[in-house]
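Student: Listed below are the residues making up each chain.
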Amino acid sequence: MEFTYEFDWSVIARHEYRDYLLYGVAYTFIIAFFSTILSILIGIVIASGRLSPVKYFVWPCSAWVGVARHIPAVFWILFFYFVFPEILPDSLGSILHSWGSYALLAGIVALSIDNGTYVSDILRNGVLAISSGEREAAKSCGLTSKQQWVCCLLPLATRIVLPALANRTIHNFKNSSLCMVIGVTELTWATQQIESLSFRGLEATLVATIFYIVISLIFGSVSHKMENRLNSCRYSAKDVLNKPSLSVPTT
Amino acid sequence: MSLDWLSFMMIGGWPDGPPGGLLINIGLAVSCFLMGFIFAVPLALLRMAGGRISGFCATAFIEVLRSTPLILLLFWCHFLLPIIIGINIPPLWSAFIALTLYSSAYQAEIVRAGFSSVPSGEVEAAQATGLSKSQVFINIVIPQGLRRMTPASASFAVSLFKDTAVIYVVGVIDLMQSGLIAAERNPNKMLISYLVMAAGFAVVGMVISLIGYKLENRLNFTRKVVSE
Amino acid sequence: MKLNQLFKNTLFIFLFTCAINSSIVNAESIIDQVKKSNTVRIGTGNDTPPMNFIDEKGNWTGFDVDLGSEIGKQLGVKVELVVVNNKTRIAYLSNRQIDMTISNLSQTRGREEQIDYAEPPYLWTAKIFYARKNEFKKISDLAGKKIGVNQGSNAYTAAPQEIMKYSKIEPKIIAFQKNAEGILALKQGKIDVFCQDSPIIAALAGESASEFEVVGTGFSPGLYGIGVPPNDSKWRDAVSFVLQDMIKDGSYERIYQKWFGEKGLYPMPHNARPRLPSDTFGDMAYVLPD
Amino acid sequence: MIELKSVGKIISGKTILNSVTLSLQRGEVAMICGPSGSGKTTLLRTINRMEVIDSGDIMIDGVSLYDEGINLCELRSRVGIVFQHCNLFSHLTALENITLPLIRVKKLTKKLAINIAIDLMDKFSVSHRRDIYPDSLSGGEKQRIAIVRCLAMSPDVMLFDEPTSALDWRLRDEVSDNIKSLADLNIAQIVVTHDLDFACATGNRFFMLNNGTLTEVDCNTLACQSTDRVGRLANSVRQSSMLEMV
Chain Y
26 MEFTYEFDWS
36 VIARHEYRDY
46 LLYGVAYTFI
56 IAFFSTILSI
66 LIGIVIASGR
76 LSPVKYFVWP
86 CSAWVGVARH
96 IPAVFWILFF
106 YFVFPEILPD
116 SLGSILHSWG
126 SYALLAGIVA
136 LSIDNGTYVS
146 DILRNGVLAI
156 SSGEREAAKS
166 CGLTSKQQWV
176 CCLLPLATRI
186 VLPALANRTI
196 HNFKNSSLCM
206 VIGVTELTWA
216 TQQIESLSFR
226 GLEATLVATI
236 FYIVISLIFG
246 SVSHKMENRL
256 NSCRYSAKDV
266 LNKPSLSVPT
276 T
Chain H
167 MSLDWLSFMM
177 IGGWPDGPPG
187 GLLINIGLAV
197 SCFLMGFIFA
207 VPLALLRMAG
217 GRISGFCATA
227 FIEVLRSTPL
237 ILLLFWCHFL
247 LPIIIGINIP
257 PLWSAFIALT
267 LYSSAYQAEI
277 VRAGFSSVPS
287 GEVEAAQATG
297 LSKSQVFINI
307 VIPQGLRRMT
317 PASASFAVSL
327 FKDTAVIYVV
337 GVIDLMQSGL
347 IAAERNPNKM
357 LISYLVMAAG
367 FAVVGMVISL
377 IGYKLENRLN
387 FTRKVVSE
Chain L
296 MKLNQLFKNT
306 LFIFLFTCAI
316 NSSIVNAESI
326 IDQVKKSNTV
336 RIGTGNDTPP
346 MNFIDEKGNW
356 TGFDVDLGSE
366 IGKQLGVKVE
376 LVVVNNKTRI
386 AYLSNRQIDM
396 TISNLSQTRG
406 REEQIDYAEP
416 PYLWTAKIFY
426 ARKNEFKKIS
436 DLAGKKIGVN
446 QGSNAYTAAP
456 QEIMKYSKIE
466 PKIIAFQKNA
476 EGILALKQGK
486 IDVFCQDSPI
496 IAALAGESAS
506 EFEVVGTGFS
516 PGLYGIGVPP
526 NDSKWRDAVS
536 FVLQDMIKDG
546 SYERIYQKWF
556 GEKGLYPMPH
566 NARPRLPSDT
576 FGDMAYVLPD
Chain A
3 MIELKSVGKI
13 ISGKTILNSV
23 TLSLQRGEVA
33 MICGPSGSGK
43 TTLLRTINRM
53 EVIDSGDIMI
63 DGVSLYDEGI
73 NLCELRSRVG
83 IVFQHCNLFS
93 HLTALENITL
103 PLIRVKKLTK
113 KLAINIAIDL
123 MDKFSVSHRR
133 DIYPDSLSGG
143 EKQRIAIVRC
153 LAMSPDVMLF
163 DEPTSALDWR
173 LRDEVSDNIK
183 SLADLNIAQI
193 VVTHDLDFAC
203 ATGNRFFMLN
213 NGTLTEVDCN
223 TLACQSTDRV
233 GRLANSVRQS
243 SMLEMV
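Chains as they are written, first to last, in our numbering: chain Y, 26 to 276; chain H, 167 to 394; chain L, 296 to 585; chain A, 3 to 248.
Hint data in this document are derived by calculation from the structure and do not stem from the laboratory.
Keep in mind it's a predicted model, so treat the numbers as computed, not measured.
Please note that the accuracy of each hint is not assured.
To be verified - Over the 12 Å line for every Cβ pair with chain L, so calculated as not near, a few chain H residues:
#  : residue
1  : Met201
2  : Val230
3  : His244
4  : Ile249
5  : Ser282
6  : Ile339
7  : Gln343
8  : Ala349
9  : Glu350
10 : Glu382
Claimed, not checked - Keeping only pairs whose Cα atoms sit at most 30 Å apart, straight-line, the calculated BS3-like set for lysine-lysine is:
#  : chain 1 : residue 1 : chain 2 : residue 2
11 : H       : Lys355    : L       : Lys352
12 : A       : Lys109    : H       : Lys299
13 : H       : Lys355    : A       : Lys7
14 : L       : Lys482    : H       : Lys355
15 : L       : Lys482    : L       : Lys543
16 : H       : Lys355    : L       : Lys441
17 : L       : Lys482    : L       : Lys463
18 : H       : Lys299    : A       : Lys112
19 : L       : Lys529    : L       : Lys558
20 : H       : Lys380    : A       : Lys7
21 : L       : Lys382    : L       : Lys330
22 : L       : Lys331    : L       : Lys352
23 : L       : Lys428    : L       : Lys368
24 : L       : Lys428    : H       : Lys355
25 : Y       : Lys80     : H       : Lys299
26 : H       : Lys380    : A       : Lys16
27 : L       : Lys482    : L       : Lys467
28 : A       : Lys16     : Y       : Lys250
29 : L       : Lys368    : L       : Lys382
30 : L       : Lys467    : L       : Lys428
31 : L       : Lys553    : L       : Lys543
32 : L       : Lys440    : H       : Lys355
33 : L       : Lys482    : L       : Lys432
For every residue, glycine included, the Cβ atom is placed at its ideal position computed from N, Cα and C.
Kindly produce the complete structure, drawing on both the sequences and the hints.
Tutor: Take a look at the structure:
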């Protein structure tokens, strides 16, 4: 065993390698941002489907969540990149195939699908957590049903849902690294690229790792602060999140 | 009904195509879950009750691992750890190390949450009857904490199993990799290969979910026991 | 205080172990280690037909693998195959985690700075552009097109250099993790052309000759060499001599014929054997005299 | 038996207990009453060192709780405390709740512990519930189990934190009887409560805790306060509703 590695930080400073890293950071943010937004939209749709009184909306949504929750994100990425255009009509598929940014789009959509199932679960639990007692209390104060939602129930649900959503967002940010398998030039891809061109990937990977950690910690602490501010009226979100039906493996 | 049309899925990969690859996924998920748990308990305890330095180290370890993407962790263990320690690590082992580290950090947080969700009143009551600190821990905190963390642990087990799909990037021929090989060899049956892969993950994932659910119900302490 | 002590102790033990190990490494040539342990660790890949891949029965096979086991046989030791890929093979060598790599490794200046090569190289190669049939006529047509390469292959730099010789418009390079993914992308139209070494293209062409063709001629001629750890000339010579013996006694030829010969699994259009210029020397193999 | 000597406790700059002095003999039942936030529970918790005091001293049988060589676990096993919410161990059955400290602290054999537990449970007529988990027990049963859990350790002192807060009036009388019967066993008891009527019916010494100061009162003053308070409350309600009508 011998630690012979001599760090050579000039590798990262060389402009072509530095550009890989900078573009990588940009792509990582783009993927994380858009897939988070899209996944929240997907989550809202699925959650309202599962909560809707119409039976024909409930079971497809529940079944979808039951299945999709068990399918790896990296599978979705490869599926959307290689297979999805194939099952479309030929003309549309070939447009997607030949579109230069399709890898990026496929990555974003795949991550949104993956994250969306989790988000829908979180939202659904948030709404369910508003006990019927609170609804009745809101009703008994004479609020209209719109007022009930806007003034009482939605803020309450937000407070319950926010910590779990923040957690998922960090997770999604980290998952953006999976897009490297289809050649999206994000940060993890950049570290591998530098490794393969210069044989000095350790420095680049170290920088990338620190970047991921710092961003996650910053986001974590921001969401924590926000949570504390919202929790001036304390509601036990923990009880809700420990519900067995929720599949968020976080604290 | 003949399954000949699926036979192309039975070739390529360890030892006999995707079904064999799935075994690698399951084996890795199970072993890394257990190994991770073994590391997680002391980590959680250090973070909760360790001294200043050891507590900080545990916290740093957990937070660093939790904020590093799994695929990057995998590259660390596969490409970079060998450079640092100078020992050659086969892909399967580096996947094992990465997943164990990953699951130990996540499970440490689950364990911590489980332990701290034990009602403080019960801990006090135990102390008040004269149980020593370690006795309180063994008799009250551990049994209750373990039960309280089962839902989170179960869903983490599912997500860990899912995450084993990533290991194909370092060349382990698991379900994902062997499915991809099958798809590459038969491009016209690509959709079927992908569906088989998805089904493999979904079915096993559901079984794990089910086991977790059963375990949760069994450990539920509101159950009534008929006296002998 | 106590922890500090513990930390110091650990550090000491760590450094001590390092010192012991490094002294062993420095004193001993790999040839001695190989003899002592009776195994040679050969790093090779598993996803690059025909050089090294897992066949349909799940066996690890390929030209590199056959060459490796033959070298092991001639050295009289057991062969332990270690999986490497395009990104790890150099690092593993410089850290002496493997004793040699036979893994479609082109000799380049950049790599020469990191590792050593056994003499002679074992295969002539060229980079080849591979595209859908009747789409491009010559290399200059590829200007500004999307070019797929394998991440870790030196095609990443060689391909745009070649195209830029004919045109000012830079091509767009997309790096895939596996060759097969690149070919799939080519088939689906995600990239216009895939660039890889000639033997690898030969294997791909064998499977899909009706759909694809080679654009222009090969470029960036290269040599596949056996990589060995740097600064160990004793070991390097040992491997070189075995390779030369194999070329002389025909065992190299046998492996070559099995894979790339006219009746082989992936017949190659040109003679890829390491040889001397035929106009001066006939078709003599390139082997150092005794 | 128990002696509190000018006990002081400060939590984050606020004086919770201010030179509290109290002395209690075996068989006596001290009722400590006072408004919420007056430090009753804190006072109770200092007596088995769940809270550490800042000044003064607490002695049980002439031994200070803050002696160097004191065995805290042994001490706590002699001072039983029944919490407001009972704090039964929710993963153990009623019987296991009682036997656990017997086996672990007193090192009794399992068989002996079960015998003791069942005997006591019989006395409090809860032995038919021994294999039930706390979640399925009623409030009164929970409390009786909690009392038995303490009593099984044969303590010298029993502390009760708001024993009636979760009970209806019928069960309240029952608790009152239980405490009285414990007094016959020569156990010193301190009961913290809001409920002044309950206090009058149960105790034989009465204290008021106000802003951290403890004063001994007699039963009548306590009863007066009780009626007085109800009167005041009714008045204030009447006034405020009249204001609104204006």
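Student: Are the hints correct? Go through all of them and say.
Tutor: Now for the hints, and whether the structure bears them out:
1. Met201: 22 Å, holds
2. Val230: 18 Å, holds
3. His244: 7 Å, violated
4. Ile249: Check fails; 5 Å does not lie beyond 12 Å.
5. Ser282: Label holds. Min Cβ-Cβ 24 Å, cutoff 12 Å.
6. Ile339: 7 Å, violated
7. Gln343: 9 Å, violated
8. Ala349: 8 Å, violated
9. Glu350: Non-interface label fails for Glu350/H: nearest chain L Cβ at 4 Å, not farther than 12 Å.
10. Glu382: Holds, since 39 Å exceeds 12 Å.
11. Lys355/H x Lys352/L: 19 Å, holds
12. Lys109/A x Lys299/H: 16 Å, holds
13. Lys355/H x Lys7/A: 87 Å, violated
14. Lys482/L x Lys355/H: Satisfied, since the Cα-Cα distance of roughly 14 Å is no more than 30 Å.
15. Lys482/L x Lys543/L: With Cα atoms ~42 Å apart, Lys482/L and Lys543/L exceed 30 Å; violated.
16. Lys355/H x Lys441/L: 26 Å, holds
17. Lys482/L x Lys463/L: 27 Å, holds
18. Lys299/H x Lys112/A: 21 Å, holds
19. Lys529/L x Lys558/L: Answer violated: Lys529/L to Lys558/L is near 38 Å, above 30 Å.
20. Lys380/H x Lys7/A: Not OK: Lys380/H and Lys7/A at ~56 Å, beyond 30 Å, violated.
21. Lys382/L x Lys330/L: 29 Å, holds
22. Lys331/L x Lys352/L: 34 Å, violated
23. Lys428/L x Lys368/L: 43 Å, violated
24. Lys428/L x Lys355/H: 22 Å, holds
25. Lys80/Y x Lys299/H: Cα-Cα ~53 Å, so violated.
26. Lys380/H x Lys16/A: 50 Å, violated
27. Lys482/L x Lys467/L: 17 Å, holds
28. Lys16/A x Lys250/Y: Since the Cα atoms of Lys16/A and Lys250/Y sit roughly 28 Å apart, the hinted pair holds (cutoff 30 Å).
29. Lys368/L x Lys382/L: Distance ~28 Å between Lys368/L and Lys382/L Cα, so the pair holds.
30. Lys467/L x Lys428/L: 20 Å, holds
31. Lys553/L x Lys543/L: 17 Å, holds
32. Lys440/L x Lys355/H: 29 Å, holds
33. Lys482/L x Lys432/L: 18 Å, holds
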